[in-house]
Amino acid sequence: MSSCDGCRAVGPEAAAASQPRAGHVRTVAIVGPPNSGKSTLFNRLTGLRQKVANFPGVTVEHRIGRAKVSEDREICLVDLPGVYSLSPRSEDERVTRDVLAGQTDAVARPEAVLLILDSTNLARHLTLAAPVLSLGIPTMIILNMADELRRRQGVVDTEALAHHLGAPVTLVSAIEGEGMEAVYDFLSGAVRVPAPLDLPAVHDLAGCRQWAGRVGRRASYRPPAPPVWTHRLDAVFLHPLAGPLILAVVILLVFQSMFTGARPMMDAIRWLVAGSGAWLAQTLPESPVRSLLVEGVWDGVGAVIVFLPQILLLFLLLGVLEDSGYLARAAVIADRTMARVGLQGKSFIPLLSAYACAVPAVLATRTIENRRDRIATILIAPFMTCSARLPVYTLIIAAFLPEYPLVGALVGTRAAALIGLYALGFLAAVATAKLLKSSVLKSEPTPFVLELPPYRWPTLRSLGLRLLDRAVIFLRRAGTVILLVAVILWALAHLPLAEGKAPPIEESFIGTLGRTLEPVIRPLGFNWKIGVGLVSSLAAREVIVSTLGTIYGMEDPGSTGSLSAAIREDLSLGGAVALLVFFAFAMQCFSTVAVVRRETGGWKWPALQFAYMGCLAYAGALVANRLVEWLV
Amino acid sequence: MQVGFIRKRRRAGRHRRGAAASTLVELRRGEQGILERIDLPPEAGRRLMELGFIPGTVVTAAGCAPGGDPRVFRVDGSEVALRRETAALLKLRCSAPPQE
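Residue numbers (this note's numbering), protein chains in the order written: chain A, 1 to 632; chain B, 1 to 100.
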């Protein structure tokens, strides 16, 4: 993955140069409405040479990447947020407008624009062409989804359209790669760009729409037949009875497959980690280095790496649901629930992405225009069960709960327990939202508007890129934060040296820290080792798994037993349930605290959130522990 | 868009048989109407207009979520879900069937 620093290095002087020079990397922006296939086009052009970045100050995520446009030339491609217009209201639209106007330091002013529109709904999407063309930047209009247009008998005359728009037009299928030659020709500067013709007043939406209809008619645009399959599928997926039932089955299947589907891969990785660790322990001579490698790095980081397949599977399933268009229907079905707790439907999408990770979820709230709604959504997002909790949940559930089928072979006890934990987090979020919206964050309701895209087959290419992205993020975390904490922990566990040798773990710094904490966490059923895990998991939740891996690995260096066996021996059932509840509620994540501070513009909200979630976690764990002890 | 006729709807006796629906929420599944105006603050109204709800446009009621809320409308080539409370603020033109 090559960096794209060239984009930033381009100064105003270079940006102003109209003729491409040797060594000068042109910046080209991709603009388009949501669901027009911007990302597919971007992936098609850049392949793996891309990275996610943030616009400084406003934290709107965008992608930049390099595209090879001819033998010896590369350009820098910027994928801007999907917008319907350039009138700046939400952060998304502001960023798009600022980048196009050259009013940001993040990237050089684009020297060309690729405006990508959905050819199956051309007349409406052309509305965006008016404000983009009036910027005066050389623009190519890319009509995407040519395959779908053809299949549904739609027609458009691209030459006539180009003539009436005063800009080159090409019909492509970004998914299939059809018609991309014209795009490369434009990017390498081979296409002469005619001057734009009479454009409507940009702020008159109705006028722009009329103009778009007129231009479409002149280009003999015939809209495609209605998407019959989408209507048929919606009749099922939004059916009063079948709809919610299907949603429930989909959710159950996602959870169950996270256990059963990921197991072979997880076992394979566990075997590799254990095998290589044992080999290292045998090969290296007895020394602090060996101890650091085996007990610190292998037992610690290895314990977390094992969960990579599970997290990738979650993202694969979420990706299929999103790319196919089902997620939008799920949002419609869920809207009533959201309305009941006083949140608008728009909060649903950020909250849903919080199931992957709270950080992108907090960033995704920027599409919510109402500030109070936005803050409420940010505050409840970390309650949603993020993928970092998954290793902790799976470890504890697998250690304490035997697997047997509940609903045939479809749902087992472990998947049911996991669903219960997801539900617990969701309920906490809902209750908190209700509390906030009826008190400090009360506001006028804003309308819920959600476009339902036609159903489409997800493509392997886009799913693959998504998984690769996730794997890189996960492994980077394992290689930085988790590795660092593991090494620090190992050091603290081996100091202070007593007579030149490492002390027994109870008397090390880490043991002392743990036993200082013990009185506080004893009522929850936790011992000092869990206490150390809780402290280290402040960096990131899954770190507790690596911490416990290190501690148990040191306690019993010769043991061949698994981490879950060690935990089962060390923790009571009440303590285990309390630990799960604690993790469901607590905000143990530096990255989330940092992003909330940045997005809310101060320490007030993140501090409140951290304290609230911490208190709830402690109280919840206490109640859970007492309840289990009393029942068993 | 070919529009044959507008099916009239009667609701809780408030509408005479033969009277057209006056807001989006009163359109029954499959019925069409022409949008007259959006009774929402300019910001929110503009958002709806970007999605195709421009006065003068034909809107068709499609399905709805289980429970009847939110409802799905076909407008300008796409499908958009709106809550009933919002749909009630989108007023329809109470004239003859649309011609286009």
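Simulated from the structure, these hints should not be mistaken for laboratory data. Here the structure is a predicted model, which means the values were calculated and not measured. Treat each hint with caution, since some may be false.
[Unchecked claim] Keeping only pairs whose Cα atoms sit at most 20 Å apart, straight-line, the calculated EDC-like set for lysine to aspartate or glutamate is:
id: 1; chain 1: B; residue 1: Lys91; chain 2: B; residue 2: Glu36
id: 2; chain 1: A; residue 1: Lys442; chain 2: B; residue 2: Glu85
id: 3; chain 1: A; residue 1: Lys68; chain 2: A; residue 2: Glu148
id: 4; chain 1: B; residue 1: Lys91; chain 2: B; residue 2: Glu31
id: 5; chain 1: A; residue 1: Lys437; chain 2: B; residue 2: Glu85
id: 6; chain 1: B; residue 1: Lys91; chain 2: B; residue 2: Asp69
Tested hints:
no.	hint	verdict
1	B:Lys91 with B:Glu36	holds, 5 Å
2	A:Lys442 with B:Glu85	holds, 18 Å
3	A:Lys68 with A:Glu148	violated, 27 Å
4	B:Lys91 with B:Glu31	holds, 14 Å
5	A:Lys437 with B:Glu85	holds, 19 Å
6	B:Lys91 with B:Asp69	holds, 18 Å
In the structure shown, a violation is registered for the earlier hint numbered 3 alone.
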